[in-house]
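Participant: Now for the letters of each chain:
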Amino acid sequence: MDKKYAITRRSFLRNSAITVASIGLSGSIYEFLFSGLAPVTAAKISDVKKFLNACPRNCYDTCSIVSTVADGILTKVEGSTLSSYTRGKLCAKGYSYTRSIYSPDRIKYPMKQKVRGSGNWERISWDEAYTEIAQKILQIKKEYGSTLPICLNKYSGNFDIMHYGIEGMLTSIGNTTRATGTPCWPAGIDAQTFDFGTTYCNDPEDIVNAKYLIIWGANPAWCSVHSMYFVKEAQKRGCKLIVIDPILTQTASQADLYIQIKPSTDGALALGMARYILDNELYDGEWLAKNSKGAEEFFSYLQKNITVEWAAQKTGIPRGVIESMAREYATTKPANIWIGYGMQRHTNGGQNVRAIDALAAITGNIGKSGGGAQYAQLQTWGFAYYAMMQKKPENSGGKSDRLININNFGAEVLNANEPPIKMMWIACRNPISQDPETAVVNKAFEAMDLVVTADMYMNSTVEMSDIVLPVTTTFETPGVNVSYWHYWLSLNEQAITPMYECKNDVTIAMELSAKLNELEQGSCTFPVSGDLEEWVGKEFNDAIYKQFGIQDWTELKKGPIKAKTGLIAWQDGKFKTPSGKYELWSDEAKKFGHFPLPVYTEELQPNDEFPLRCISAHWKLGINSQFQNLDWMAAINNEPCLEMHPIVANKFGIKDKEPVKMYNDIGYIVLPAKITETVSPDIVVVYEAWYKGKKINVNYTVKAIPADMGKKATGSPGMAFHDNFVAIKKV
Amino acid sequence: MKKAFVVKSDRCVGCHACEMACKNEYQLEATIRWRKVYQLPENEFGVPSRHFASLACNHCENPACLAACPAKAYTKREDGIVIHHTERCIGCKMCMMACPYKVPVFNEKIKKVEKCHMCADKQDRGEKPACVAGCPMEALEIVDLDDTNLANMRSFLPGFPDIAITKPTTRFITPNLGIQVRGNNNG
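Protein sequence lines correspond, in order, to chains A and B.
Going by this note's numbering, the first sequence opens with residue 1, and the numbers climb by one from there.
Going by this note's numbering, the second sequence opens with residue 1001, and the numbers climb by one from there.
I should point out that these hints are in silico values taken from the structure, not numbers from a laboratory.
Virtual Cβ for every residue (Gly too), placed ideally from N, Cα, C.
Errors might be hidden in some of the hints.
[To be verified] As a list, the in silico SDA-like pairs of lysine to any residue whose alpha-carbon atoms are at most 25 Å apart: (1) LYS1167/B with ILE1179/B; (2) LYS49/A with LYS1111/B; (3) LYS657/A with GLU1042/B.
[What the hints assert, rightly or not] Away from chain A, derived, C-beta distances all over 10 Å, residues of chain B: (4) MET1001; (5) LYS1023; (6) ILE1032; (7) GLU1078; (8) SER1155; (9) PHE1156; (10) GLY1159; (11) ARG1182.
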């Protein structure tokens, strides 16, 4: 038996050598290790280590991860049990990390494309890539007298603090053009900035203390599943859960009361509730007198302009429901409202958030455990930003950076002149997939002399680039992460050596700087050497140490740490507004062209030609264009669909699973229908995602319509992604 | 002892973390899913809703896979866990045809069948199965049917094949439905 086994084993090894050689070409050693021959490979594993990691995605949950590495291979990821938010669990996306790291689809070395969009790529060395990029940068500077024709588009693909070194790299070559703003949440941030002075939420673990909870236009069941646990826990402790959404989501299906609202009329509901609260004297006059500015003006606005009957008509919610909800909300203490990012992606999104904030304020639910108007927090982001803070080289031309709107990127690139934009650097971003008006964004790419994209996969943005630089994943490089929602700080350790020729964005910056200085001494100020872990250490400062109660960042190697203070937003009553009060009347809002009070701004309506509103909501198996391209996700679902109510389906003669063309004046997509009574008859729903090898992108139909707010806090107005009006027909 | 999965559809939000935690634990082949999340028929509970059931092997009292296997590749442990022994499997797929729940799946790479073993090794070490430990909503649990109050549990859910055939041990807690206010489409 032993002998037989030995032969088997020898032949296995011989075969496996061939396997490795052949797989070596396609590049996945991992595939071999887990090909079902575990007993033999297991015996070979000698060195098992655990590392601390952090999920760096643009996600509420920003999980603390513990990874298992066997003989240098990442074999498993788990949620950290040391974080009371992550609670030892990850989401579907987090659990798929081995598949993204060892995906054969990863970009393995720098490549150059002969003709943009041709797919005719050839491998080049890092030195060749740096030389070509550096020469272009220097040539542009010479020709235009500055580096302003170079444009950076970087955002949230990786929120690790060190990745702000990408902005630092561009600063270190001179004045450049920057895509400024954020696509996701700016209208709501501005609204909270006008009301409170900044956006600041309670610790989400505090949700359990709420006695009444309204989740307003958010779907934590899919987009913040760790918070959903606390929502269920609150319910278990007697909290009533209300969900307001045009879609009967997975979150809404858990509610005690689900309210299907007409899209973009959320402000009308909030103001209608406020009027009822005012008329029935259910407001907290004492809190308002002490903490607010403009209560009288707001109440006067309500009395003159708002009735519950009007709110009922606007929102499609019966008057009696609005009244009973207003009464319950105002009289059940503490009451918490979670304001989602989905509900502010409208042309009146900012005003609607202000109206909801006002509900929390007039009922005195601000600054209290179990209460609040929760949107996001930026409290734990006070890092040193060492990698980002670079000096501009002397005499590099131009007066300052030129800022263009990230939410109308294509058009703004094409319209830029004196000087025009000639080169783009894209990192942590996939604009051709995620931006509105894909066709315009494509044109902007076509107009460039050089497009450099640093990415992991051959996505639609890389396809339109000249040079692609392969970047490391979070497991291949050190870093540090915080959330814009919870209050945990997680160190990210390098768990495995970088795959293939992949490099961290900061390493790329250092090496490009060396090349620039080699070609023209003094042309780039970015440091040319440094240990990445030391770079991480330099991101910390005394304020962060104090907030988290640590002496040194290396203490985080024992596990994630939660902020010691500030877990209940505005508990001290010291608001960051100009008046220091909660501002129902905001002169700052007036300065930015808004009415100073939270008022109703008419929502956009569909028209005869394009009678349906398309909501492109977030997807359970991905975040924006990340994750859904992986094989484990494809095994669950590999095709987007168009959700529609049976009334809509009947009207257009569409049957379940039949292909449907969804179109408007700028573009179209074809995808199968999914007929469901869980969406409102006013809308159709597509979950936005990037499917590998598929050209179905909802943004082909999305116009770059700005939301009302966002300019003050984020530099550009938000995007009204959900004011996308379309028509549908059977194909 | 009769170990069983409890599937709490009143807590499940259909996020797929359980099945991905399973794939992560065992680094399964891309298309192989030992656990799957199913959406329950949306009008099953009176008003439309999005509710789910997460299912893996039902570790049946009369496992049809075990009865059908000509290679004795299946055993049932004293605690009720049905184990498939890969080294004995001849890849004939008889179990796949016999199982009413389509649990055993064929691994094309090794030409053998595989399925959920309730993380028997982990349970023997006193740990929870990967899916149970990995569910952010705590919607899965392992119980001993001989020692559990089953009053609030059901043996089947809509769409579940006839339980008389193999007596699956999986138990379900059905969703709670709230009140829905739906403007122009009141349910």
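Participant: For every hint, state whether the structure bears it out.
Facilitator: We went through each hint and held it up to the structure:
For the hint linking LYS1167/B to ILE1179/B, the alpha-carbon distance of about 35 Å lies beyond 25 Å, and the restraint is violated. Only pairs whose Cα atoms come within 25 Å are accepted, and LYS49/A paired with LYS1111/B is rejected, the gap being roughly 32 Å. Distance restraint check for LYS657/A and GLU1042/B: the Cα-Cα separation of roughly 16 Å lies within the 25 Å cut-off, and the hinted pair is therefore satisfied. The Cβ of MET1001/B lies farther than 10 Å from every Cβ of chain A, with a closest approach of about 26 Å, so its non-interface assignment holds.
The claim that LYS1023/B lies off the interface is violated: its Cβ sits roughly 6 Å from the closest Cβ of chain A, which falls inside the 10 Å cut-off. For ILE1032/B, the requirement that its beta carbon stay farther than 10 Å from each beta carbon of chain A is not met, with the minimum near 8 Å. For GLU1078/B, the condition that its CB be more than 10 Å from all CB atoms of chain A holds, with the nearest at approximately 24 Å. Distance check for SER1155/B against chain A: the nearest CB is about 23 Å away, which clears 10 Å, and the non-interface claim stands.
Non-interface call for PHE1156/B relative to chain A: holds, since the shortest CB-CB distance, roughly 21 Å, exceeds 10 Å. Non-interface call for GLY1159/B relative to chain A: holds, since the shortest CB-CB distance, roughly 17 Å, exceeds 10 Å. Some Cβ of chain A comes within 10 Å of the Cβ of ARG1182/B; the nearest lies about 4 Å off, and the non-interface call is violated.
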